[in-house]
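Colleague: Read off the chains here:
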Amino acid sequence: MKNNIRVKRVIQRCGCDAILPLCLVYIFYIILHGHLSPGGGFQGGVLMTAVVILMYLGHGYAATTHALSFNRLHGAEGLASTAYVALAMMGVAAGAQFCENILYTHGAIGQLYSSGTIFWMNVTVGLKVITGIGSITLLMLGVLNGQDVDNLK
Amino acid sequence: MKKFLTWFCLAAFLLVGVYAAVTMAGMPRTYDGREANVSAYELRRDPASYDDSTADGAAAAIVQQNLDKTHAVNDVTSIVFDFRGYDTMGEAFILITAVAGATVILFTKKTGKKEGENDEE
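First to last, the protein sequences are chains A and B. Going from the first sequence to the numbering used here is simple: count from 1 and add 139. Going from the second sequence to the numbering used here is simple: count from 1 and add 55.
The reader is advised that the hints may include incorrect statements.
The calculated label-pair distances, taken between Cβ atoms and stated as ranges, are [to be verified]:
(1) B/Ala80 x A/Ala225: 18 to 24 Å
(2) A/Gly154 x B/Val131: 31 to 37 Å
(3) A/Val149 x B/Val71: 50 to 56 Å
(4) A/Phe167 x B/Met82: 55 to 61 Å
Because the hints were derived from the structure by calculation, they are not lab data. Idealized CB from N, CA, C, for every residue including glycine.
Input sequences plus hints: build the corresponding full structure.
Modeller: Written out as structure tokens, the structure is:
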């Protein structure tokens with residue numbers, strides 16, 4: 140076969156495009172159902188590595204850095220950690236202890252939005268792990284491709 | 056502008072920390088089992104009185120306590136994000152340190168492998 144490598148690349152790209160949205164939906168499913176089923180922010184966010192690597196395998200380094208910005212990911216990580224501390228400080232502002240669950244009567248038991256600050260802390264930790272792991276994987280792909288740190292936007 | 060923003064944010068964090076420390080200094084303890092509406096306090100003082108003949112014995116007490124306190128079905132998540140939320144905050148801050156350390160370590164030396172780029176598009 141003459142065009143064997145090109146055929147392989149098309150198969151690789153189509154496979155990555157097919158799996159990537161499923162991976163993203165699975166990440167948000169695990170993060171949002173952290174208080175109902177096994178999983179949570181850490182476990183869902185680590186799957187972002189799979190998304191970044193699938194992007195890299197299917198479309199190459201230039202398309203990955205075009206889609207994901209390192210500085211923006213790093214900024215979102217700081218924002219998410221600040222949001223976690225703010226959620227934990229809500230307990231102090233309401234006259235309870237640090238990290239105490241003061242909104243836990245919102246929603247019925249077993250609903251998607253229930254258990255108060257546990258849900259929101261899941262969301263913030265999930266955003267934080269998504270962005271942190273994504274930026275680490277982008278860094279490693281940059282080293283693999285011989286980029287300097289100035290080229291990572 | 057950026058310098059001002061940095062110092063402003065640091066001052067705000069310091070003020071919030073001082074406020075938290077002052078507010079939390081005179082607070083009572085939480086979750087010592089005294090106000091539990093299942094008989095967990097008596098259970099802790101006299102464990103032999105509890106009926107653990109069935110398989111669901113102690114697990115049912117744990118799940119019921121957790122549902123009363125947090126309304127979360129998953130016990131592990133409620134422990135990680137509610138009862139030990141301070142620990143989770145430290146775990147989450149490790150990740151920022153890891154990103155900063157990886158940036159410093161991976162980019163101290165300039166790797167001169169420019170021809171190895173496999174950008175396809």
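Colleague: Hint by hint, say whether it matches the structure.
Modeller: Hint check:
no., hint, in the structure
1, B/Ala80 x A/Ala225: 18 to 24 Å, "holds (21 Å)"
2, A/Gly154 x B/Val131: 31 to 37 Å, "holds (34 Å)"
3, A/Val149 x B/Val71: 50 to 56 Å, "holds (54 Å)"
4, A/Phe167 x B/Met82: 55 to 61 Å, "violated (36 Å)"
Going down the numbered hints, you'll see the structure goes against just number 4.
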